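Chains as they are written, first to last, in numbering that gives the first Met the number 0: chain A, 0 to 314; chain B, 0 to 347.
These are computed hints drawn from the structure, not numbers from a lab.
Note that the structure is a prediction, hence the values are computed from the model and not measured.
Heads up, the beta-carbon is just placed ideally off N, CA and C, and yes, glycines get one too.
There could be a bad hint or two in this list.
Claimed, not checked - According to the in silico footprint, chain A covers these stretches of chain B (three or more CB under 8 Å from chain A): (1) 214 to 224; (2) 283 to 295.
What the hints assert, rightly or not - Below are the DSBU-like pairs computed for lysine-lysine, each with C-alpha atoms no more than 35 Å apart in a straight line: (3) Lys-128(B) / Lys-18(A); (4) Lys-192(B) / Lys-18(A); (5) Lys-282(A) / Lys-18(A); (6) Lys-190(A) / Lys-282(A); (7) Lys-284(A) / Lys-190(A); (8) Lys-207(B) / Lys-192(B).
To be verified - With the Cβ distance kept under 10 Å, some of the chain B side facing chain A (calculated, not the full set): (9) Arg-30; (10) Leu-113; (11) Arg-298; (12) Asp-299; (13) Ser-301; (14) Asp-305.
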Amino acid sequence: MGDGQWWAVSLTEAVGNNKPLSVVCEGEELVLFRNAAGRAFALEDRCPHRRVPLSPGVLTPGGLQCPYHGWTFDGASGVCREIPNLHADERVPSRHAARAFLVAEADGFIHVWRGSGAPTGVLPSAAYRPIGREYSGSAVVNIVHGTYLETMLDGPECLLAFPGVTITDFFLGDPRREGEHLVLDRGGVWKGKGIGPAFVRDHPLVLRTRVPLAGGAIFVELLTAAEVPLVTIFIASTANRRGTTSLNWRGFRHAHHAPGAPFAWRLRRTAGRAPFEVLPEVKGKSIAALRVAPSLELATSRMRQGAECRGEHNE
Amino acid sequence: MSDIAIAEVGAADGSENSRQADWVPIHFDLRDTWFPVAFSADIGTQAVRRIVHAQPYYLWRDRGRLRAAEFRPDQLEPLRRSATAFTGGTGHYPVTERYGYVWAWYGNSDNADLALNPCIPFLPVDGSKIPRYTQRTVRFDAASPLSVENLIDLTHADFLHANAIGDGRCESDIVEVQSTSETVTRTRIVTRKSVAPVMRWIGGVRAKYQDLRAVLHVHLRNNLAISYPSFSSGYAIPNVQPFVPVGRHRSRVDQTNYTVAAPAPFRWLMPRISYVIQPQDNAVLRPQNERYFDADGRRDLSSRFDAPGNRYRLLMRRLAERQRQGDFSYAADANPSADISVVLGMNG
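All chains, full assembly: derive it from the sequences and hints.
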């Protein structure tokens, strides 16, 4: 049995059938594209002929054509189907192939399997079930992926914003392990209500962040104190190049009434404005000032999870 | 005076030997050759700095006399003691002027010999009457050997440069490759090709088709590419493209498109086509060069259309290996200064 991981690397709508899309997953450059029937494919963004990126290439009925010399690669297998100007009786050797990745498209995301062996486990987006209008986006943020995940536990207010809501740094207990995630709740208050979070007897809102122990699937929920969900966000994160992080997200506002919500919150809802923002730029000063707290648990939990996996394999 | 250390310059991580099996264009550092480091017309009394591989060349004229040194003129005396073996410890490189270029020696200065200066038969040797409009400087975002390979490679033009050079449609297209231990010569004979857009719209060629005989002659040590493409209907566009290595990531080309025999305005505008072609090439060369630094061990795949480029790769590796063994001499089949008029097909 090999090791591997599903990664959500793109929003579904970002990949059309007229132009390839270049993405980076765990530092590796990939190219995503669709055939005329709409099926999505992923290849390493590197032509095995002369190493140039395939993503500026052209989509043809045979696959993706390299922009440099016109070699055309089949999306599913990566095999080179055509080299321009070969005679009709000449065949392209089967070893002439780009690296192909298994692709699964679900829940508004394109996932690729990276690793050895057959794919296992559920897709990262499987737990994301939108109800109502969605808000989505993509960004590359100037922060190392591992630090992004840690910050999502220690200071999500550096990475996210909810208009009309102040996220506090008062953790409601320690992080707890739920499946493949480390989960942490923290208090939140409505802006413009009362004289500030320090004077609130009980936080009217809860921000729940679920940070993965492996992979990049982050879930964020804004809840009422009674744990009624108001907003749910799924953020697919992965390491980009040079210490940056790629983000693709979808989120939605639940139909539940938000008791005590200020007028601005209700007005945004009526106007159809997004109830959250995944910040496309992070402030280094804010992140540098964050104290390391709940993220201390990440390393321990990952070690435990790794031991569990090894134990399962030994059985 | 420090020695010329081949292995150190070739690969900072010392991994060169382990990579000999594959083509690693970033690791070639061939010695004992003349590099055309500047247009003669660009060198005046103010020193200009050029780089060959990792070696600095300061060029200026002192009371009319051309100078090439390792240091700026004002630092020459204080720093002379740290001069390298490239200048024999003097701080001054062997230097000469021919064909409108300043040629500086790269290697053991004791071996500098004007008889090794390449012949460019369509340019006046003394550089006189070479119009400035024929001279352009372009920069390639790749090591010199990778840029030269791009020039040798014909099949990419149909994809990268179709808007400027034309599509690949023709009646027949024959490519031949010849080589010595120091040169590669690629001859391409195309009949009834569609006329290149630049020649149709600027050059006034109204014929539907044209024939092409294009000879490219590449000197391996200094990446000097001498080309003689002759179009009928149309004109010859003899040109020189010296790919001077500026480190392992970039190359500088002071090119001469000697279009003096072509009608105006084509002869003025044609040399500027480099500004169209070069960004198209750089779009692929830049990421390509980076990936030759990868140590994943995957070798490039090839088709039969890569034969000229693969010949170039093989000869470069052989020459580099010979120099690695300490042999910097020119073999009996090599004569860089030989008249190549016939090789280029200049006499029809």
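Hints versus structure:
1. 214 to 224: Three-residue rule not met by the region 214 to 224 of chain B, so violated; n is 0.
2. 283 to 295: Since 5 is at least three, the answer is holds.
3. Lys-128(B) / Lys-18(A): The hint is violated at about 50 Å.
4. Lys-192(B) / Lys-18(A): Holds, at about 30 Å.
5. Lys-282(A) / Lys-18(A): Roughly 33 Å between the alpha carbons, so the hint for Lys-282(A) and Lys-18(A) holds.
6. Lys-190(A) / Lys-282(A): Holds, at about 22 Å.
7. Lys-284(A) / Lys-190(A): Holds: Lys-284(A) and Lys-190(A) sit about 24 Å apart, inside 35 Å.
8. Lys-207(B) / Lys-192(B): 9 Å, holds
9. Arg-30: 27 Å, violated
10. Leu-113: 37 Å, violated
11. Arg-298: With a closest approach of 9 Å, the Arg-298(B) hint holds.
12. Asp-299: Because about 6 Å separates Asp-299(B) from the closest Cβ in chain A, which is inside the 10 Å limit, the hint holds.
13. Ser-301: 7 Å, holds
14. Asp-305: 8 Å, holds
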